[in-house]
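Number of protein chains: 2
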Amino acid sequence: MLKTRNPITVSEAISRIMKQVGKISSETISLNESCGRILAEPVLANHDVPPFHRSIYDGFAVRAIDTTEASSHSPAAFTVIDRIGAGDVSSVSLEENKAVRIMTGAKLPKEANAVIMLEQTVSSEHSFVIHKPFTPFENVSLQGEDAKKGDVIIEKGSMITPGVIAVLATFGYTHVKVARRPVVGVLATGSELLDVSTPLEPGKIRNSNGPMILAQLKRLGVQPKWLGVRADDVEACYLTVKQAAEVCDAVITTGGVSVGDFDYLPAVYEKMEAEVLFNKVKMRPGSVTTVAHTDQTLLFGLSGNPSSCFVGFELFARPALLAMMGSTKPYLHYAKAVIKEDATFNSFTQFIRAVYESKPSGALIAPAGFNKSNSVTSIARGNAFIVLPGGTDRIKRGEVVDVLLLGMDEGHESWVIRE
Amino acid sequence: MLKTRNPITVSEAISRIMKQVGKISSETISLNESCGRILAEPVLANHDVPPFHRSIYDGFAVRAIDTTEASSHSPAAFTVIDRIGAGDVSSVSLEENKAVRIMTGAKLPKEANAVIMLEQTVSSEHSFVIHKPFTPFENVSLQGEDAKKGDVIIEKGSMITPGVIAVLATFGYTHVKVARRPVVGVLATGSELLDVSTPLEPGKIRNSNGPMILAQLKRLGVQPKWLGVRADDVEACYLTVKQAAEVCDAVITTGGVSVGDFDYLPAVYEKMEAEVLFNKVKMRPGSVTTVAHTDQTLLFGLSGNPSSCFVGFELFARPALLAMMGSTKPYLHYAKAVIKEDATFNSFTQFIRAVYESKPSGALIAPAGFNKSNSVTSIARGNAFIVLPGGTDRIKRGEVVDVLLLGMDEGHESWVIRE
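Respectively, the protein sequence lines represent chains H and D. 1 is the number of the first residue of the first sequence in UniProt numbering; add one for each residue after it. 1 is the number of the first residue of the second sequence in UniProt numbering; add one for each residue after it.
Only chain H is shown next, with the shape it has when bound in the complex (with noise of 0.2 Å):
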């Protein structure tokens, strides 16, 4: 049981995951259900955007032509012959000297090309003078010139984001290909452990990892599949792991990874015959992380502890999952921030849960409170962790931190910007 462990740097471990990423399947979905989802084809313009040359603003569309000798001292006339609201268009023909009143988002009217700001005008109910020239296609949005119908607007592996939304109903996809959702089983292990619903008892603590992925596992959109609390038992355990690992993309089990008589994933691993990818990770917490796989299923055996827990799912099965999904961006987010307490380095490095801010007088962070693998508390108060890589100074409160953020779904408390 007490077999030497090669401990990995996190970015190998990283990279030894990314590399037995397998694509999943697509979907084809409804519009309106594919925020968050990741998109399996490319967003082509199927048309030039603006469809047509289009006014800026309400006003008259003119001839350009017809305006270049205008000024304060000289007004040019033009007399109204049409008007066009939004959505319709004119059969018109300007010619010398005549307008046609239209409304922001109408399409010009032939041999028109500048339009005039009502602003801009002196006007009475079918004539107007104008003070000053106006350029070719001002205040005019040109054909095309948003988009040029062929164009690729949006990559595949982008996420969908009420942005891309608009883009996909401009071009009238009401529906649109997306990564399956993968589907991933999570059993948290532990004979110590309780259902959330159930009353404490003398050792026991309650379930709260299995909650946690489950929400985690939500967030990236992916399909959570609870396979319960097993108590430690290594038969019970690779029969749970083995059928799951049968119907799922991934298996994430918690618990059953450090050293000791009880921590048997390592015996259910290989009873699985499955390829152990490693089992030691420099990392504080999580170092015992163990991630393995199949022919088809990846198999993440996260510590038990709840700080572990977490680090361990944010940095190895976020991007593992969202790579799946075919995802280009699956890593965390990162920033730099001046860090306000004193902290000790680790000869591994530290991924210390935080509370960030970044306001124009700087980027703070914070540790989220009491800072164990084992704590809970943290985990909820945290937005961030501060990295410290591995070594042996101090690092002094005022100095220069790695931040990963971790989801920034809640804001900042206050309006910062300066105007």
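These are computed hints drawn from the structure, not numbers from a lab. Check each hint, because a few of them may be wrong.
Note that the list lumps identical chains together, so a pair holds whenever it fits in one copy or between two copies.
The list that follows gives simulated cross-link-like pairs (lysine to any residue, SDA-like), each with its CA atoms no further than 25 Å apart [stated by the list, open to error]: (1) Lys156 <-> Gly36; (2) Lys282 <-> Arg16; (3) Lys132 <-> Asn113; (4) Lys156 <-> Ser414; (5) Lys148 <-> Pro199; (6) Lys329 <-> Gly369; (7) Lys132 <-> Asn346; (8) Lys132 <-> Ala231; (9) Lys148 <-> Ser197; (10) Lys242 <-> Arg16; (11) Lys156 <-> Val416; (12) Lys340 <-> Glu145; (13) Lys132 <-> Ser347; (14) Lys149 <-> Glu201; (15) Lys225 <-> Pro51; (16) Lys280 <-> Asp48; (17) Lys329 <-> Leu44; (18) Lys329 <-> His412; (19) Lys336 <-> Val400; (20) Lys156 <-> Val92; (21) Lys396 <-> Ser361; (22) Lys148 <-> Val247; (23) Lys132 <-> Thr121.
For this one, chain H is given, so just place chain D on it according to the hints.
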């Protein structure tokens, strides 16, 4: 129709809206459905965490006092008298040089106050020796060190993240009190608008703002109520907005807020006897954004131009809706970045859709392409706004600019941490 409008700053506009935001009611939901919702009550520790002194490692529980003389020359010998698995408890009380085999997470037996890691011993089946002393509570996680019974772990108004779910599970909270999801009506106005599924017609474009706003609302955890597309018609629009205002917490319209003949939202608000908070903001795009309110309901009159509409939503509707749910952090995240292209100032504050990327070498930002208020494609490509204060100078590439981050669900393309 051409009444002069009095432009105000963005911060003043936000401040006027936030003063009108009323808190909505709460509801109790299942833990499993709670991720992303806003806590309507603080999370209290209903027991100490850990609930008992527990072992951090697999090893042997001992009395530290029995280890004080141990050294490499003079090892201390212990007899193993019991064995505790995780979740088990031992009834033995330790005496001199006795030990209990203990697993990670298990409760220490009576009189024990230190844990010797398995790797730190030279052991046979029923005994072992050690070669160094252990301090009291070495390798022990103390009862209550993470949280004390009665502590407020998470404040009311926080968003429920996977970490918060871990804490709720720890304390056995199977259900949680959260803010009700506001219901927000969305109406797209404009005679030029076609449904997404309709073939393009001359002079017309498809409704892209509607689906975009529905997605922006869903991203906040808000329930959108789609009111449809309306042609430019004051009476029809008045009836729709009025009826929606009676059943919704807010109504968002797009289009109809400029200064032309067809821009009739001001007339609708007047007819509803709604108080207009502002109808001109010193910002580009979106300067014509108009916000009003009745006794019960906020009315957001966003511009029909896609980029203006997007900015108006993120700057004004977003914080108002989050604050309505009691969020204490309703504003967009701030960052600083080096701009990759020259940019021209405007007399108003500019919010330029942009692509933000932060790496150890620095944070960079570049405009997301074509950047007019009627651009659709740049909204889809951007993950941030460059914010340029109103002024007349030019900003050069390489200078540092203010940035607001727009949802960081999509991550980074590479692992950038140095180890």
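Are the CA atoms of lysine 156 and serine 414 at most 25 Å apart within a copy, between copies, both, or neither? Between. Shortest inter-copy distance 17 Å satisfies the 25 Å Cα cut-off; intra-copy 36 Å does not.
Within a copy, between copies, both or neither: where do lysine 329 and glycine 369 come within 25 Å Cα-Cα? Between. Shortest inter-copy distance 20 Å satisfies the 25 Å Cα cut-off; intra-copy 30 Å does not.
I want to check one pair: lysine 148 and valine 247. Are their C-alpha atoms no more than 25 Å apart within a copy, between two copies, both, or neither? Intra 44 Å, inter 42 Å, cutoff 25 Å: neither.
At most 25 Å between alpha carbons: which applies to lysine 156 and valine 92, within, between, both or neither? neither (43 Å within a copy, 63 Å between copies)
Could you figure out if lysine 340 and glutamate 145 sit no more than 25 Å apart (CA to CA) within one copy, between two copies, both or neither? between (48 Å within a copy, 22 Å between copies)
Measure nothing new, just compare the shortest in-copy and cross-copy C-alpha distances for lysine 396 and serine 361 to 25 Å and report within, between, both or neither. both (20 Å within a copy, 21 Å between copies)
Is it within a copy, between copies, both, or neither that the alpha carbon of lysine 336 lies no farther than 25 Å from that of valine 400? The answer is both: 7 Å in one copy and 15 Å across copies each meet 25 Å.
Measure nothing new, just compare the shortest in-copy and cross-copy C-alpha distances for lysine 132 and asparagine 346 to 25 Å and report within, between, both or neither. Answer is between; shortest inter-copy Cα gap is 21 Å, intra-copy 71 Å.
Checking an output row: lysine 280 and aspartate 48, CA cutoff 25 Å. Within, between, both or neither? neither (54 Å within a copy, 31 Å between copies)
Should lysine 148 paired with serine 197 be assigned to within, between, both, or neither, using CA atoms and 25 Å as the limit? Between copies only: 21 Å across, 57 Å inside.
With 25 Å as the alpha-carbon cut-off, assign the pair lysine 329 and leucine 44 to within, between, both or neither. within (20 Å within a copy, 37 Å between copies)
Between lysine 148 and proline 199, at a C-alpha cutoff of 25 Å, which is it: within one copy, between copies, both, or neither? between (63 Å within a copy, 18 Å between copies)
Violation of the numbered hints given earlier is confined to hints 8, 15, 16, 20, 22; the remaining hints are satisfied by the structure.
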